[in-house]
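**Student:** Protein sequence lines, in the order shown, are assigned to chains A and B.
For the first sequence, position 45 (counting from the first letter as 1) is numbered 45 according to my numbering, and the numbering increases by one without interruption.
For the second sequence, position 178 (counting from the first letter as 1) is numbered 178 according to my numbering, and the numbering increases by one without interruption.
Some hints could be false.
What the hints assert, rightly or not - Now the stretches of chain A that chain B is said to cover, found in silico as 3 or more residues with beta-carbon under 8 angstroms:
#1 7-13
#2 22-32
#3 40-47
#4 56-69
#5 74-84
Unchecked claim - Below, a list of computed lysine-lysine pairs in the DSBU-like style, where the Cα atoms sit at most 30 angstroms apart:
#6 A/Lys76 <-> B/Lys491
#7 B/Lys496 <-> B/Lys100
#8 A/Lys76 <-> B/Lys100
#9 B/Lys100 <-> B/Lys491
Derived by calculation from the structure, the hints in this document are not laboratory data.
For glycine and all other residues, C-beta sits at the position ideal for the given N, C-alpha and C.
If you want the building blocks of each chain, they are given just below.
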Amino acid sequence: MAETPSNNEYWAANIRLVTWSLVIWALVSFGFGILLRPLLSGIAVGGTDLGFWFAQQGSILVFLVLIFFYAWRMNKLDIQYGVDEE
Amino acid sequence: MDQYTLNLLFVGATFALYIGIAIWARAGSTSEFYAAGRGVHPVTNGMATAADWMSAASFISMAGLIAFTGYDNSSFLMGWTGGYVLLAMLLAPYLRKFGKFTVPEFIGDRFYSPTARMVAVVCLIVASVTYVIGQMTGVGVAFSRFLEVDNATGLYIGAAVVFIYAVMGGMKGVTYTQVAQYVVLITAYTIPAVFISLQLTGNPIPALGLFAEHTASGLPLLERLDQVVQDLGFAEYTGAQGSTLNMILFTLSLMIGTAGLPHVIIRFFTVPRVADARWSAGWALVFIALLYLTAPAVGAMARLNLIDTVYPNGTAEAPIAYDDRPVWMQNWEVTGLLTFNDANGDGLIQWYNAGSESFAATAAERGWAGSELSVNRDILVLANPEIANLPGWVIALVAAGGLAAALSTAAGLLLAISGAISHDLIKGQLNPNISEKGELMWARIAMAGAVVVATYLGLNPPGFAAQTVALAFGLAAASIFPALMMGIFSKRVNNKGAVWGMLAGLIVTLLYIFLHKGWFFIPGTNTFTDADPLLGPIKSTSFGAIGALINFGVAYVVSNATEEPPQEIIDLVESIRVPRGAGAAQDH
């Protein structure tokens, strides 16, 4: 397929979406779950702290939301830029 | 009816179901054998992917590793779910658009190099065989318990069953069988967890019970657990013990390894459209999360129950006598995976952290001469319903579920290995004119070879099931994931860059693993241990993330020093980036 301006914009929009999604992905797991856990230690959750919750459950829930949001948004972008499957 | 008969009944009934489905949907052509004719709905595909993905490591082993270590092993939870985010956004839709059958086919075409395809085949085989070793460990544990034989015999029986099972069905059989296996395994994992959560906290949802109040003590469950483990000299359950750097690298290795494992990627070739590939990754994670949100609760509650079993009157009082030990301990002693050694000769089971220096004085004061109970971590999930005194049918259900998990993944992996050898190596390289029949025959020979190697190494595995599987993820992370990602997101990386990148990532990671786990995983041939690794705090299970960086770096440098890829490859990359024009996949 030839490179067209619309394809370029479509790809740029995709990269933007992926970048932001991965920032959140890293923030909840490596951030809240591991590196920033000491900062969150003041917030108590059921006998432990918020960082522990993110490490064992919270990050998984955020991952789920991220993938469905991405799929929904990308499938809309496909149509918007006219590159969806007919 | 006794427990043994009940186990046989449950395991037999579920096996009959899977084999029935496999026969009903017997693979006809090679295209059906590999990719199920591409007519699978995203929700169905997600469920089958979840069954394929959640193996003995997730079902049998993971909660046990979390139970004995606590917070530090959260890496398994984040790593094995976070990888799906990468898969959904960085790989799945583009590989579906590309529309071929196997991962090495993509790498060979994108990097216009049969050498790249061969290197990808080698990477795939190394990672998959390591993964199967981990499965065999889990299969051995499960079979030895429910057949009440020693661990090695259980392993041989399990290997035979896995082989017969994988040879019988292709992917098509496997897709619908795996939906059935998912239902069995998630039911088997959830039911005992609900019972135990009700017993301990009164909350019927284990994921919430983990953060709820422990009814017996009136304290939050995790606070109570922190208290009793420290009473016995163990490290605080919710606290961070190990190196933060190692935890980050370990989590990252598991994440990118997830997105680089061929038997998972191959499932995204089986959805009808590119849009469905995105949804499929989401649905797969929904079904995986049902188990992964329960697993940390299973781990914490099992640890608490185990301590309460050994110290029925509290950790300050004397432990139970060996002669009074519960039936489940006697059952597991048969397998050799749980042992008692009366170090101080008082007939009581002292179980504590004998390695803790700060606890040594307390232990000496209580007349303890070493921890006397040794519990293999891989037995915890299977023993969990017995520890909690749940009814016999729950115990039988868990045995069936554990086998479903191990079997479904082992079958998927064997399929990926046999596909790589028969389709990519023999048909793609050595003998392009081979008949469909000849290709299927080679696929089966490859499966048999992989089962034999994995069984041999599974007898003395390099770690608990989930740890061995983590090594496989490190290898996939260092070799396959970077090549796939660069193939889609860079137009500059060329054939030489990809080949040298993959080789560098694979070899360095494999060396690091062999130095710590023994050459070719043969015990006793290692130079370092994960307790005192070669590079600072970086354990062999965490090295995959570094291997991936090496892969990216080498590919980038080599590509920039050599010629640009030809125009038709740049057009190919342009084409896989947009969904339009994705037809049915073609063979070649």
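**Student:** Between A/Lys76 and B/Lys491, does the CA-CA distance stay at or below 30 angstroms?
**Tutor:** Given pair A/Lys76, B/Lys491 holds - Cα atoms ~26 angstroms apart, limit 30 angstroms.
**Student:** Check the hint pairing B/Lys496 with B/Lys100 against an upper bound of 30 angstroms on the C-alpha distance.
**Tutor:** Between B/Lys496 and B/Lys100 the Cα gap is close to 22 angstroms, so the pair holds against 30 angstroms.
**Student:** Need the status of pair A/Lys76, B/Lys100: alpha-carbon distance at most 30 angstroms?
**Tutor:** It holds: about 25 angstroms lies between the C-alpha atoms, which stays within 30 angstroms.
**Student:** At a Cβ distance under 8 angstroms, does chain B reach at least three residues of the stretch 56-69 of chain A?
**Tutor:** It holds: at least three residues are needed, and the stretch 56-69 of chain A offers 10 whose Cβ sits within less than 8 angstroms of chain B.
**Student:** Going straight from one Cα to the other, do B/Lys100 and B/Lys491 come out at no more than 30 angstroms?
**Tutor:** Answer holds: B/Lys100 to B/Lys491 is near 20 angstroms, not above 30 angstroms.
**Student:** Counting residues of the stretch 7-13 of chain A that have a beta-carbon nearer than 8 angstroms to any beta-carbon of chain B, does the count reach 3?
**Tutor:** holds (count 3)
**Student:** If you look at each residue in the stretch 74-84 of chain A, do at least three have a Cβ nearer than 8 angstroms to any Cβ of chain B?
**Tutor:** With 6 residues closer than 8 angstroms to chain B, the stretch 74-84 of chain A meets the three-residue bar; holds.
**Student:** Examine the stretch 22-32 of chain A for residues whose CB is less than 8 angstroms from any CB of chain B, and state whether their number is three or more.
**Tutor:** Contact hint for the stretch 22-32 of chain A vs chain B: holds, 4 residues under 8 angstroms.
**Student:** Residue count check for the stretch 40-47 of chain A against chain B: does it reach three with CB-CB under 8 angstroms?
**Tutor:** Coverage by chain B holds here, the residue count being 3 at a Cβ distance below 8 angstroms.
The structure fails none of the hints (numbered hints given earlier).
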